[in-house]
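Number of protein chains: 10
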Amino acid sequence: MPDPTLLEAFPTPTDAPLVIEHVAEEFTSVCPKTGHPDFGEVTVLFQPRAAKDGGVCVELKSLKIYFHSFRDEGIFYEAVTHQIRDDLNALMKPTWMRITTNWRGRGGIRSRIHADAGTVPHQ
Amino acid sequence: MPDPTLLEAFPTPTDAPLVIEHVAEEFTSVCPKTGHPDFGEVTVLFQPRAAKDGGVCVELKSLKIYFHSFRDEGIFYEAVTHQIRDDLNALMKPTWMRITTNWRGRGGIRSRIHADAGTVPHQ
Amino acid sequence: MPDPTLLEAFPTPTDAPLVIEHVAEEFTSVCPKTGHPDFGEVTVLFQPRAAKDGGVCVELKSLKIYFHSFRDEGIFYEAVTHQIRDDLNALMKPTWMRITTNWRGRGGIRSRIHADAGTVPHQ
Amino acid sequence: MPDPTLLEAFPTPTDAPLVIEHVAEEFTSVCPKTGHPDFGEVTVLFQPRAAKDGGVCVELKSLKIYFHSFRDEGIFYEAVTHQIRDDLNALMKPTWMRITTNWRGRGGIRSRIHADAGTVPHQ
Amino acid sequence: MPDPTLLEAFPTPTDAPLVIEHVAEEFTSVCPKTGHPDFGEVTVLFQPRAAKDGGVCVELKSLKIYFHSFRDEGIFYEAVTHQIRDDLNALMKPTWMRITTNWRGRGGIRSRIHADAGTVPHQ
Amino acid sequence: MPDPTLLEAFPTPTDAPLVIEHVAEEFTSVCPKTGHPDFGEVTVLFQPRAAKDGGVCVELKSLKIYFHSFRDEGIFYEAVTHQIRDDLNALMKPTWMRITTNWRGRGGIRSRIHADAGTVPHQ
Amino acid sequence: MPDPTLLEAFPTPTDAPLVIEHVAEEFTSVCPKTGHPDFGEVTVLFQPRAAKDGGVCVELKSLKIYFHSFRDEGIFYEAVTHQIRDDLNALMKPTWMRITTNWRGRGGIRSRIHADAGTVPHQ
Amino acid sequence: MPDPTLLEAFPTPTDAPLVIEHVAEEFTSVCPKTGHPDFGEVTVLFQPRAAKDGGVCVELKSLKIYFHSFRDEGIFYEAVTHQIRDDLNALMKPTWMRITTNWRGRGGIRSRIHADAGTVPHQ
Amino acid sequence: MPDPTLLEAFPTPTDAPLVIEHVAEEFTSVCPKTGHPDFGEVTVLFQPRAAKDGGVCVELKSLKIYFHSFRDEGIFYEAVTHQIRDDLNALMKPTWMRITTNWRGRGGIRSRIHADAGTVPHQ
Amino acid sequence: MPDPTLLEAFPTPTDAPLVIEHVAEEFTSVCPKTGHPDFGEVTVLFQPRAAKDGGVCVELKSLKIYFHSFRDEGIFYEAVTHQIRDDLNALMKPTWMRITTNWRGRGGIRSRIHADAGTVPHQ
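Protein chains in written order, with our numbering: chain A, 1 to 123; chain B, 1001 to 1123; chain C, 2001 to 2123; chain D, 3001 to 3123; chain E, 4001 to 4123; chain F, 5001 to 5123; chain G, 6001 to 6123; chain H, 7001 to 7123; chain I, 8001 to 8123; chain J, 9001 to 9123.
Excised from the complex, chain A in its bound form (with noise of 0.2 Å):
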């Protein structure tokens, strides 16, 4: 079951603006209605806040384990991508951030979804 406690954080290392991208390129979960696996690419695209305001930058190997918790979930493509972008949001209150997920298809059908907090920037 999708875990936010597992994830962790640590400090933010400077008060100057930072942007981070980690891409989970093997993301597995499973459909909701059929019971068939589900697979894609994470992208987890945000500006964290700056030390001097407390902010807190998402631990790598917690975010592998973290997602590893979806394994098993039956959820839908919208709800793990808002998941996501929650618990992250949760967890780090950025500046922004922008969750994207990429799955390849299944049926015939290939889909890709955005879901942000605060204000992206264009890219």
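If you are wondering where the hints come from, they were derived from the structure by calculation, not from laboratory data. Every residue, glycine too, gets a C-beta built ideally from N, C-alpha and C. Hints should not be assumed to be uniformly reliable.
What the hints assert, rightly or not - Within a straight-line C-alpha distance of at most 27 Å, the following computed BS3-like cross-link-like pairs (lysine-lysine) qualify: (1) Lys5061(F) <-> Lys3033(D); (2) Lys61(A) <-> Lys93(A); (3) Lys9033(J) <-> Lys7064(H); (4) Lys5033(F) <-> Lys9033(J); (5) Lys1093(B) <-> Lys33(A); (6) Lys4033(E) <-> Lys1033(B).
Said to hold, decoys possible - Listed next, with one range per pair, are the computed distances between beta-carbon atoms: (7) Arg9110(J) <-> Gly118(A): 34 to 40 Å; (8) Thr6043(G) <-> Cys9031(J): 33 to 39 Å; (9) Gly5074(F) <-> Pro1121(B): 57 to 63 Å; (10) Asp2053(C) <-> Met4001(E): 26 to 32 Å; (11) Glu4026(E) <-> Ser8062(I): 21 to 27 Å; (12) Glu6021(G) <-> Glu4021(E): 18 to 24 Å; (13) Ser2069(C) <-> Ala1009(B): 34 to 40 Å; (14) Pro3011(D) <-> Ile2065(C): 26 to 32 Å; (15) Gly54(A) <-> Thr5043(F): 43 to 49 Å; (16) Gly7118(H) <-> Asp6072(G): 44 to 50 Å; (17) Gly7118(H) <-> Asp2053(C): 51 to 57 Å; (18) Ile65(A) <-> Pro3011(D): 46 to 52 Å; (19) Met9001(J) <-> Asp6072(G): 39 to 45 Å.
Chain A is fixed; fit chains B, C, D, E, F, G, H, I and J onto it per the hints.
Okay, now just chains B, C, D, E, F, G, H, I and J, sitting in the frame of chain A:
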């Protein structure tokens, strides 16, 4: 025959904005003039209304089966595009939506058609 | 229903050897187990018998229409490949022939199947 | 747990030789040492025995579900490859077969493994 | 109408062996069944007979004009290939020759055809 | 210091032949002459002995940790290649094995080295 | 006018075998039929005779100037290829030699021509 | 001046066979005819003799410095290739060796030269 | 000798704006300092004046023959570029024009030169 | 030693603006710290002053020989770039000029350096 009653929806899982793209790579219908099959790719891009506004998202397997209902329909490219836009708009009433059909060609000409609902932001 | 009576032939135009390859990029039939459409590419490679031996070649437009006759047939990949090989072999009795079907995949598995008639020379 | 009873077969549709290749791009199991998920691609290449010899071919949807049964299994790459070879060999007793697993890598090492049954002709 | 009298030749300039390849990337004729234009690429590969044996080579500009004479001809792919082979063989009587036509496709089927004169060495 | 005691093995899971390839894309050691770091890729290709002959396969995580043990070693390219071959040969006594190291270059010279054990079949 | 007296040679520097390839990417001559310029690439591949047998190699700058002497010559592709082969063969009497000319095309037809001296080993 | 005394060797670390390839991408010497610099790439491919036969391998940094000693030498491409072959052959007496030089071109002609020692196995 | 009287023009066929680009891939002239041939590509990009203003466009075959008139001219790259700009400007008086020459290089230096007439819009 | 007296110039052939780019792909100098050779590419981009203002352009062969004069100079990347800019600026006093040096790297680091004279327009 294209059958919008095949489409199913589930509630948008969040009030925060999502942008969703589904790409069906294997769409086929029949040319109403020659009776020969047409082959193309259909892209559905939209932002669902928020959960708090009663927003819904199209369910993926039902979308696949809805697309299959065009298989034996004699219908022009333009009408395919327009009907998908209207059926999905009636189902979801999304904030905005763009349907794109991209056809592999017949007699050396290939075609691409867009139909929008609402105001599609700059991609 | 797959209908070999749709196939037409014309006399091989010469006694000197020809090698002919036709590739149909847009083939579709139906999975007999799930009822969902399958999409693939069919390659027909053969050497017709010589004119002096009464050799014939399949006519291209009739081949296209013959392929369309599989559109609503519930049939396994292996049987599609075998039937095309048998129908074209019955029509042309070529010196040799290789049928290859290359399927775009269903449920994350894509497939490719060969069926030969006679001895196919090393390509 | 890997479950060969999930596999189904249908009679080879012809006495003439077929060569069949199935590629499952989204295979996942679990590392028995670390408990972390492994991701890879599995290729099944074989020539079924002829119809007149009682030959059978693996049915594609059952192959997909059989592959899903490895999802939560802690098992080494070599054993995955060997078990798929043995289970499919027991089901089909094909003229020859080659199983190839191609793993995306863990800790900076990517791996590829072949297991054969019978004499695989030069590809 | 295809007109072999347009072809001109000049004496092979040497007794030592030459191998010559001409590729015409823009060939067009007409489908005799539908009346629609066909587009393809024609390759002429040959070894002319030696000067001392009265060998000749096709002149390039005359080859281009000869190819233009197919422009309004209703003719099957196989017959195009065979006629070019026969006309050039009659003109040059080369040691060996291979004609290859590669067609861009009509109704979703693309084709490639070889016709040889003499024994073509392994390329 | 390169430490073969870090290597672990598990029994070959079958008597039927397997061919295994592991590619470590991120290998580093130190040039014994200049003290500068070297970077390369190490490929281990082998056929383990059968289960009934007491055959074993190298365990992947232990292989990774073994490769890490070269990190601070001053050692020539040739000796790296030879030592990996000898250590893995001592561990597994495979039917055959090929070690290939591919170095990114130092001072404008890049290098690639093979070391075999037993008779490597033509790849 | 093509002038073989421009070619210079120097003694092969060794008795051990050398294989030499020179590629002139910018060769130009004139079509004898239309008066228009032709542009192509000339490759000279050969093994010089050994020093102890009085072997010589063509000097590179003289080769370039010799190629320039074709600039205003009205000459067919085949004769260019044959003359370069004969002139270099007369100069060097190599163990074997292959001349290849590759022409950029005129009127939509591009051409490639080989002329050999001696027995060219399989490349 | 090319100085083979710059070359250093170390004992082959093993009796088992190694195949070694060094590629120097930045080699420069001077054209003896024009005085202009030449630029090229030098590849050294060889199998050293075994340790038990007193085999040695060229040390990489000394190879680099040896190549630098050609920097101001007026020397033809063929002689560069031959001298490197002879100097390395004298140093190592390898089982076999192939030297390849690949020159970037001067006046529109680029060249490639091979020189072997012993019998180079098919690559 | 470069001869602008070879250039011919025809009236612009419309009052609506056109932008035209001609690329001559095979241009050659002679270096005035060394007497060696130069090879390059010439691009002519322009907007002709409107029909109602008496605008004209350069005729393509005459442009080719005009380019051929540089073949034996000893002339620097800069002067080639400038003369083409001036000759075509005198012929057409276009709204704007950019001439670009791109030279394949001599002695290891390749060059590219722009010359404009009027105000070239941002490309 | 870098010698600006090797540089020659010729008068700008026109009053209309030209933009000129010369790229020397094979530049070499020596590292003043290690004595090892450096290899790089030098780009000279400039707009010469107009003919009516006494503008001149650098002559290409003299530029090549000037670059050769750095061959044995022990000089840092930054100083190479700065000296070329100053020497060419003194020769031509162009409207603007940008010198870019792009170095192939030493010890795994590659470098690129710009030096401008005047105001370089947006490229």
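Hint check:
1. Lys5061(F) <-> Lys3033(D): 8 Å, holds
2. Lys61(A) <-> Lys93(A): 19 Å, holds
3. Lys9033(J) <-> Lys7064(H): The hint holds at about 17 Å.
4. Lys5033(F) <-> Lys9033(J): Cα-Cα ~18 Å, so holds.
5. Lys1093(B) <-> Lys33(A): 23 Å, holds
6. Lys4033(E) <-> Lys1033(B): 18 Å, holds
7. Arg9110(J) <-> Gly118(A): 34 to 40 Å: Holds - the Cβ-Cβ distance for Arg9110(J) and Gly118(A), about 38 Å, lies within 34 to 40 Å.
8. Thr6043(G) <-> Cys9031(J): 33 to 39 Å: 37 Å, holds
9. Gly5074(F) <-> Pro1121(B): 57 to 63 Å: 58 Å, holds
10. Asp2053(C) <-> Met4001(E): 26 to 32 Å: The hint (26 to 32 Å, Cβ to Cβ) holds, given that Asp2053(C) and Met4001(E) are roughly 29 Å apart.
11. Glu4026(E) <-> Ser8062(I): 21 to 27 Å: Because 23 Å falls inside the window, the suggested range holds.
12. Glu6021(G) <-> Glu4021(E): 18 to 24 Å: 20 Å, holds
13. Ser2069(C) <-> Ala1009(B): 34 to 40 Å: 37 Å, holds
14. Pro3011(D) <-> Ile2065(C): 26 to 32 Å: Given about 29 Å between the Cβ atoms, the range holds.
15. Gly54(A) <-> Thr5043(F): 43 to 49 Å: 48 Å, holds
16. Gly7118(H) <-> Asp6072(G): 44 to 50 Å: 48 Å, holds
17. Gly7118(H) <-> Asp2053(C): 51 to 57 Å: The hint (51 to 57 Å, Cβ to Cβ) holds, given that Gly7118(H) and Asp2053(C) are roughly 55 Å apart.
18. Ile65(A) <-> Pro3011(D): 46 to 52 Å: Since Ile65(A) and Pro3011(D) have Cβ atoms about 47 Å apart, the given range 46 to 52 Å holds.
19. Met9001(J) <-> Asp6072(G): 39 to 45 Å: 43 Å, holds
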